[in-house]
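Heads up: the sequence lines are chains L and W, in that order.
For the first sequence, the residue numbers in our numbering are 1 to 376.
For the second sequence, the residue numbers in our numbering are 1 to 376.
Treat the hints with caution; some may be incorrect.
Just so you know, same-sequence chains aren't split out, so a pair can sit in one copy or run between any two.
List of simulated lysine-lysine pairs, DSSO-like, C-alpha gap at most 30 Å [as the list claims (entries may be wrong)]:
1. Lys44 x Lys307
2. Lys142 x Lys307
3. Lys142 x Lys243
4. Lys307 x Lys88
5. Lys88 x Lys44
6. Lys241 x Lys88
7. Lys142 x Lys198
8. Lys142 x Lys190
9. Lys179 x Lys142
10. Lys155 x Lys44
11. Lys179 x Lys243
12. Lys155 x Lys126
13. Lys307 x Lys241
14. Lys14 x Lys126
15. Lys126 x Lys198
16. Lys155 x Lys243
17. Lys14 x Lys198
No lab work stands behind these hints: they were computed from the structure.
2 protein chains.
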Amino acid sequence: MTSFRFEIIHSSTKSRARVGRIHTPHGVIDTPNFVAVGTNGSIKALDNAMVDSIGLQLMFCNTYHLLLQPGADVIREAGGLHRFINRKMPIITDSGGFQVFSLAYGSVADELKSRGTKKADGHVLKISEEGVCFRSYRDGAKVLLTPESSILAQKAFGADIIIPFDELPPYHIGQGRLKSSLERTHRWEKRSLDQHLKQPNGQAIYAVIHGGIDPELRRQSCEFLTALPFDGFAIGGSVGKNKAEMVEMLETTMPRLPRDRPNHLLGIGDIDSLNAGLPLGIDTFDSSYPTRAARHGLLFTSKGNIKADRNEWARHFRPIEDGCTCWTCQRFSLAYLQHLFKARELTAYALATIHNLHFMVDLMRRVRQSIMQDDL
Amino acid sequence: MTSFRFEIIHSSTKSRARVGRIHTPHGVIDTPNFVAVGTNGSIKALDNAMVDSIGLQLMFCNTYHLLLQPGADVIREAGGLHRFINRKMPIITDSGGFQVFSLAYGSVADELKSRGTKKADGHVLKISEEGVCFRSYRDGAKVLLTPESSILAQKAFGADIIIPFDELPPYHIGQGRLKSSLERTHRWEKRSLDQHLKQPNGQAIYAVIHGGIDPELRRQSCEFLTALPFDGFAIGGSVGKNKAEMVEMLETTMPRLPRDRPNHLLGIGDIDSLNAGLPLGIDTFDSSYPTRAARHGLLFTSKGNIKADRNEWARHFRPIEDGCTCWTCQRFSLAYLQHLFKARELTAYALATIHNLHFMVDLMRRVRQSIMQDDL
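Can you build the whole structure from these sequences, using the hints too?
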C-alpha cells in the first residue's frame with residue numbers, strides 16, 4: 001500500500017499557486033484539483049465506474065450520512081467504503097461535524113437569507129465537551145458523535161484522507177463565543193488526531209483551520225494546528241458571507257500553512273472562488289455545485305454556463321460544446337439533452353452531470369498546465 | 001439499407017411458438033423478444049449507448065409524447081429518431097392513438113379500480129371520423145391526430161416499424177359501440193396503410209388487431225386486416241381484465257394471423273403473460289413493467305422478484321444474482337443497491353434498470369434456445 005505523500009512539482013513564480021501530486025493508497029491526486037461530492041457514496045445520478053472513467057481523482061463522502069445509512073458496521077464488513085461503493089480512486093471523508101452543526105445552527109446561507117439567525121435545534125439533543133448527541137433522521141435513534149467516534153467511523157470507512165471532528169459555529173456569533181468555539185474545536189481536533197494515531201491505517205488526516213472571518217482567530221488556528229503532526233490542512237468554518245470576505249480570510253490563512261503539506265478548501269467550488277483561491281495556493285476544493293447545477297440543467301462550457309432547457313437549443317444538433325471529449329458530448333446532442341430536460345427524463349440528470357464533472361476535471365488539468373507555465 | 005424481412009428459423013413441434021429473425025434497416029431482432037419502452041426516446045434513467053450495450057434489440061417510442069415534445073419537425077431535422085436519440089438498433093413507434101384515447105377513456109386499470117367507467121375527457125376536444133383533436137399537455141396548443149398525420153409523424157421519426165392509427169375503446173363498452181369502434185379503426189388503419197404506401201421509406205407497418213374480448217369481433221378484425229398488405233400484426237385494444245381473458249383472446253386471435261409475418265403483443269410484459277403468450281406464437285411484446293419495476297426497487301432474478309430496499313440485503317455483499325453478467329452485477333453488490341434505494345439516490349434507478357433490462361434480454365435468449373430445442 002502506497003503511503004500518503006505530497007510532492008510539489010512546480011511552484012509558480014508569480015503567486016502562491018503550485019502544482020503537486022498527492023500520493024494515496026488508492027492512487028494519485030494531481031493538484032490543484034476539484035473534488036466532487038458523493039454524499040451517500042454516489043455522485044448523484046452516476047455510478048462509480050462512470051465516475052472513475054471521467055477521471056475524478058478525489059471524491060468527497062459525508063460521514064454523517066454514511067453513519068446513519070448504511071452505518072459504519074455495514075461498510076466495515078463490506079471491506080471499506082471503496083469496496084462497498086466500488087470506487088478505485090481516492091476518497092476523502094469529513095467528520096460529520098459540519099452536518100450535525102448545520103442541523104443545529106443552519107447554514108451561513110440560511111442565516112443570510114434571514115431564515116432566522118438560529119434554526120430550531122433540529123434533531124440535536126445536546127452539545128457538550130464530549131461531543132454532540134443527536135437523533136438520526138432515519139430511525140430516530142440517539143447517536144453520539146465525538147472526536148473519537150467520528151475517527152473510528154472514518155477508520156471503518158477507510159477513506160484515503162479523513163478529517164477531525166470540529167464545531168461549525170454560526171456566522172453570526174459574538175467574538176467571545178467564536179473564541180471559545182475555536183478553542184473547543186482545537187481540543188476536539190487534537191483528540192481526533194490522537195485517536196487517528198492509535199491506528200493510522202495508511203490514512204492521512206487533515207486538520208480543519210477555523211476562526212471564521214476573524215483574522216486573529218484564523219492566525220491562532222493556524223498556529224495551533226500546524227504545530228500538530230497533521231498530514232494536511234483543510235480550511236473550514238465560516239468563510240464569509242461573500243467572495244471578498246473569503247479572499248480576505250484566505251489571504252490571512254494561506255501563508256500560515258506549511259508549504260510542504262497539502263491543503264483543502266472545504267465546500268467552495270464556483271469558478272469565481274476558484275480563480276481567487278488558486279493563486280493563493282489552494283490544492284484541492286470540494287463542491288456539490290457542478291453536479292447540482294447539472295441536475296438543474298445548468299451546463300458548463302468554456303464560454304460560460306448555459307441552461308439546457310432553453311428553446312434556443314431545440315435544434316442544436318451538436319454537442320454541448322464542440323470538441324468536448326466527455327461521454328455525453330461524444331454521443332448526444334444538446335438538442336437531445338434539451339428534449340430530455342423538457343420531458344423531465346431521469347437520463348438528463350446523468351448526461352448533464354457527466355458533462356459538468358468532465359468539465360471540472362478538464363478545467364483543473366488546464367489550470368495545472370497554466371501554473372506549470374507560470375501563466376496563472 | 002436492409003429492407004424489412006421476417007425469417008422463421010424454427011417452429012416448435014409442440015406449440016405455435018417459433019424462433020425467427022426480423023431484419024430491419026437498423027439490424028436484426030431475434031424473436032421471440034422483449035421490447036422495452038422508451039416513451040420520450042429514453043429508457044428512463046439510462047442513456048441509449050448503455051441500452052445498446054445491454055443488447056436490447058427493439059425499443060418502443062411513443063408518437064403521442066414525441067409529437068408534443070420535441071415535435072416531429074425537430075426529429076426530422078435531426079435526421080430521424082435514431083440519430084436524435086443516438087440509438088443504433090431498431091425502433092418501433094406507435095400511432096399516438098393509445099395515449100390520446102387513454103386520456104379520453106382512462107385505462108382498463110383505471111376502470112377496474114372503479115375510478116369511474118369514464119374519465120373526464122382530459123384534453124380531448126373532439127373525436128370524429130377524421131381523427132382526434134386534443135390539447136397539448138405541454139403548451140395547450142390544439143393538435144389534430146388523424147391516420148394521415150400519425151403516419152406522417154412516424155415517417156419523420158423514421159422508426160423501423162410503425163403502427164397505424166386506431167381507436168382504443170374502453171373496456172366497459174356495449175357490443176354495438178365496440179363494433180362501430182372496430183369498423184372505424186379498420187377504416188383508420190386502411191387510411192394509415194395508404195398513407196404509408198405513398199412513401200414506404202424502408203419502414204414496416206404492423207396492423208393492430210382489435211375487437212376487445214369479443215371472439216367474433218377479433219375474428220372479423222383478423223379477417224379484415226390480414227387481407228391488407230401489412231408487414232406484421234400487433235394485437236391491441238383491450239386484452240381483458242385478467243390473464244384468463246387475455247389467453248382466451250389470444251387463442252382466438254393467434255391462429256388467424258399469417259404465420260409468415262411477425263406479430264407483436266402490445267403493452268404486455270409480465271412473466272406470467274409471457275409464459276401464456278409464447279406457446280401461442282407471440283414474436284415480440286412491449287412493456288414498461290421491467291423498467292418501472294426497477295425504479296421501484298423490484299429486481300428480477302431467476303428465483304423470483306426481490307425488493308431491493310429490504311433490510312435483509314444490507315449485508316449482501318454479492319451481486320443481485322450470482323453469475324449475472326449485467327453491468328450492475330459485474331460491479332456493484334445488492335448491499336450497495338439496497339443502500340442507494342434507502343438513501344433515495346438517483347443512481348439506484350439506473351443500476352436497477354440495467355439489471356432488469358439485461359434480465360429480460362437474457363430471459364428471451366433462453367426462451368429462444370428452449371424453442372429451438374422444442375423445450376418450451
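Please name the hints from earlier in the document that this structure breaks, with their numbers sorted from lowest to highest. 3, 6, 14, 16 and 17
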